[in-house]
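Single-letter residue listing:
2 protein chains.
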Amino acid sequence: MKNRTMASAATFWAALLGTTSVLAQNPAPVLPTAAQTDPVALAWMVGSPPPPNKTVQFHDGSFYKFPQFRWSFSNYRQLAPTTNVGRGTGGASALPRGERTDLDAVTFTPLGKTEPMTWAQAFDANYTDGVVVLHKGKVVYERYAGALQPEKQHMSMSVTKSFFGLIGAILVAEGRLDENAKVAQYLPELKDSGFGDATIRNLLDMRTGIQYSEAYGDPKSEFWTHMFAGRVLPRPAGYHGPDNFYAFMPTVQKLGEHGGNFAYKTINTDVLGWVISRVTGKSVGQNLSERIWQKLGAEQDAYFAVDSLGTEFAGGGLNASLRDMARFGEMMRNQGRFNGQQIIPAQVVQDIAKGGDKSAFPQAAYPSLPGWSYRNMWWVSNNEHGAYSARGIHGQAIYIDPKAEMVVARFASFPMPNNPFNDPTSLPAYMALAKHLMK
Amino acid sequence: MKNRTMASAATFWAALLGTTSVLAQNPAPVLPTAAQTDPVALAWMVGSPPPPNKTVQFHDGSFYKFPQFRWSFSNYRQLAPTTNVGRGTGGASALPRGERTDLDAVTFTPLGKTEPMTWAQAFDANYTDGVVVLHKGKVVYERYAGALQPEKQHMSMSVTKSFFGLIGAILVAEGRLDENAKVAQYLPELKDSGFGDATIRNLLDMRTGIQYSEAYGDPKSEFWTHMFAGRVLPRPAGYHGPDNFYAFMPTVQKLGEHGGNFAYKTINTDVLGWVISRVTGKSVGQNLSERIWQKLGAEQDAYFAVDSLGTEFAGGGLNASLRDMARFGEMMRNQGRFNGQQIIPAQVVQDIAKGGDKSAFPQAAYPSLPGWSYRNMWWVSNNEHGAYSARGIHGQAIYIDPKAEMVVARFASFPMPNNPFNDPTSLPAYMALAKHLMK
Chain A
39 MKNRTMASAA TFWAALLGTT SVLAQNPAPV LPTAAQTDPV ALAWMVGSPP PPNKTVQFHD
99 GSFYKFPQFR WSFSNYRQLA PTTNVGRGTG GASALPRGER TDLDAVTFTP LGKTEPMTWA
159 QAFDANYTDG VVVLHKGKVV YERYAGALQP EKQHMSMSVT KSFFGLIGAI LVAEGRLDEN
219 AKVAQYLPEL KDSGFGDATI RNLLDMRTGI QYSEAYGDPK SEFWTHMFAG RVLPRPAGYH
279 GPDNFYAFMP TVQKLGEHGG NFAYKTINTD VLGWVISRVT GKSVGQNLSE RIWQKLGAEQ
339 DAYFAVDSLG TEFAGGGLNA SLRDMARFGE MMRNQGRFNG QQIIPAQVVQ DIAKGGDKSA
399 FPQAAYPSLP GWSYRNMWWV SNNEHGAYSA RGIHGQAIYI DPKAEMVVAR FASFPMPNNP
459 FNDPTSLPAY MALAKHLMK
Chain B
39 MKNRTMASAA TFWAALLGTT SVLAQNPAPV LPTAAQTDPV ALAWMVGSPP PPNKTVQFHD
99 GSFYKFPQFR WSFSNYRQLA PTTNVGRGTG GASALPRGER TDLDAVTFTP LGKTEPMTWA
159 QAFDANYTDG VVVLHKGKVV YERYAGALQP EKQHMSMSVT KSFFGLIGAI LVAEGRLDEN
219 AKVAQYLPEL KDSGFGDATI RNLLDMRTGI QYSEAYGDPK SEFWTHMFAG RVLPRPAGYH
279 GPDNFYAFMP TVQKLGEHGG NFAYKTINTD VLGWVISRVT GKSVGQNLSE RIWQKLGAEQ
339 DAYFAVDSLG TEFAGGGLNA SLRDMARFGE MMRNQGRFNG QQIIPAQVVQ DIAKGGDKSA
399 FPQAAYPSLP GWSYRNMWWV SNNEHGAYSA RGIHGQAIYI DPKAEMVVAR FASFPMPNNP
459 FNDPTSLPAY MALAKHLMK
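From first to last, the protein sequence lines are chains A and B.
Residue 77 in the working numbering sits at position 39 of the first sequence, with consecutive numbering throughout.
Residue 351 in the working numbering sits at position 313 of the second sequence, with consecutive numbering throughout.
The hints are simulated quantities; they were obtained by calculation from the structure and are not laboratory data.
This structure is a prediction, so every number in the text was calculated from the model and none was measured.
Keep in mind that the hints are not guaranteed to be accurate.
Pairs involving identical chains hold if they fit within one copy or between any two copies, as the list cannot separate such chains.
[Stated by the list, open to error] Simulated crosslink set (DSS-like; lysine-lysine; CA at most 25 Å straight-line): (1) 229 with 92; (2) 92 with 320; (3) 92 with 103; (4) 229 with 441.
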């Protein structure tokens, strides 16, 4: 931190993110419900002009306050520059429908609780903005709330990372990227940074030893400089730090050794994105459009939040429609096949699904994920259904259950960022739904 | 102007826009050619990261320098916040193809010249980024250059105004807007501004008497405050003016009388947009999506540049794909019918096509538009083909020739903003093409 202004801004953001205030309180405070914070009912940004107490803007930080972000997450493009992940010029691929009315009543017991809850109740408990469930490729459930609609894109937060990891893994499978090579071999610019002697595999599995704290509650976390560099958040007055993502990456120092335990640090994804761009000569978004989005027959373009140089926000910048996330999840479930073609190599999906090194997964840090592991920036349950997931803060998820032939795509705007708050009413709900669909 | 910093910034922009420097010079300086300024060849924003001398950014103003804007005009979304004009979830409507190879050789004589020029030569002379020509509803010509591609949107500049005027005229036809009513009747907020006692018809035909100079070369023009308010251009340091479009509009004062000569002043379109939003409860972009874009079967979403409140930049914020502009033009040519349905009322199109009051058109100010008039924010040639056009700076155009059953949609990045620079190699080219197609 360069100065007090910046430290103070980070404290402000940490407070907004809710980690300091809410995590520190035990029991957690009673939060306004999903219904009470419905962004349509609250009429954010309605009116010409919207009344001053109903505006949501980037520059004043209101876009990332709760409950305002229940509006922002479905309207990010209105707030900041973005790049397109084009679907091409064709029509959307078929997404067969077979809605079932029995799913709302499916019952599960939230983690740590004894009282059961229904799937319908979980929708609100998780501040869900929308969910699509596919079973054997058919839409068996689709529901939206608040500011989200079928044709709109929603912030996917760290689900983004799984897309970066997937494209990285594809390049490894194609032999264009050597997972055992050092980062500096592809990016001489990072030779003297903490990443120089990390391997591509270290990046893909987030097992680098670097000085980068993801602790949102600590204003001194490198995370904040990272966000300010990329203009993901409005910069504090007097900010003199790095002006874009590329300028930030070389400043990250080494701490400890590479190849140790999985340590979730967003910056690994940025560096992977840089490697992908260097090797392919195209941005990750262009890769995603050409390699996957156009072939999926996506219904909508997706888009990325970007810095002032158009560099995609690797940590959480991807926005997409829910149906397209479901199409993507279905492609994963089908070993890379969808829309009548093999879109990505089956071996890449299999490598993710079989999971990472369980002994390297710091179990204590993830009480809601017992037995899970991390591979190619995907979260792998290693449970009896072989489920694996892309996960983002505030409840974003793509959840693939191979045994149940089920895919869940969900967007949410849960008040607290950390998923341990919504996992208890999400993960057992997915499993209960899977078992119900298998009957 | 509040202070010297701001006046200096406006001078900077005026110089960039080229009006002071280039218009003042006679003969005009020799400009680098389209080939010499091809944005792909110049490799703007290529590389990870792009080299410092190849970056195009919003904050430093480089996005609106020539030749950088040959890249920016096809990538505006990467530079600033935008709102979507959704095409819905369906596929695109058919756009039958019947390319003709004889059109490139069509010859015309540029205005004020004696040497003939071919259609193909005019493509480069106009720094064309793309052009689509429809004849009897078929694509007879489609060509792209530089940074534009079929699936990409391009800035349409003041073509935007014709969309606002069209929607305004539709609301008049529907009886939801009284063209003889005063602006203050719909917008009490503007009662004490210059617009208060102007009629809706005055707005639609830009015949208001207001103190607002469009002279780009004059740093004291109200135009600059308008642009800074909406963050269309980066604000000068120390800017303390209006923070958004809504805050600027009430500051515009009366000058002279309403109902006089046509006087092209961008702010009329903003006020019309406010009226449309107030009357419909939806933004102009939402109106455009629901009333036109979805029904057209557009191939791509369109989008608007917006201010910090998400208010669309009425003066020039619409970005769309060229094929969709052609679809839209074809709907106009067919009296509002396209894609198997009557999308807008035929009488609205007829009202535009028959033109405005010719005696109110200040001929001296538009030497390249002899006999033209202005109606509902459309430019009407009143020529023997009954052609009318939506026009935007730097060469943007939708040109509809009813007699020849021809529609031209063109995007360009001509170095100078004012269309009198490119009209001489555009308007006679359209007429020559029309006559050729009628043979």
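Quick rundown of the hints versus the structure:
1. In this homomeric assembly, residue 229 and residue 92 come within 25 Å of each other (Cα to Cα) only across copies, at 24 Å, whereas the closest approach inside a single copy is 48 Å.
2. In this assembly of identical chains, residue 92 and residue 320 lie within 25 Å of each other by CA distance solely across copies; the values are 16 Å between and 40 Å within a copy.
3. In this assembly of identical chains, the alpha carbons of residue 92 and residue 103 lie at most 25 Å apart only when taken from the same copy (12 Å versus 36 Å across copies).
4. Proximity of residue 229 and residue 441 under a CA criterion of 25 Å is satisfied in neither setting, with 44 Å inside one chain copy and 67 Å between copies.
Checked against the numbered hints given earlier, the structure breaks only hint 4 and satisfies all the rest.
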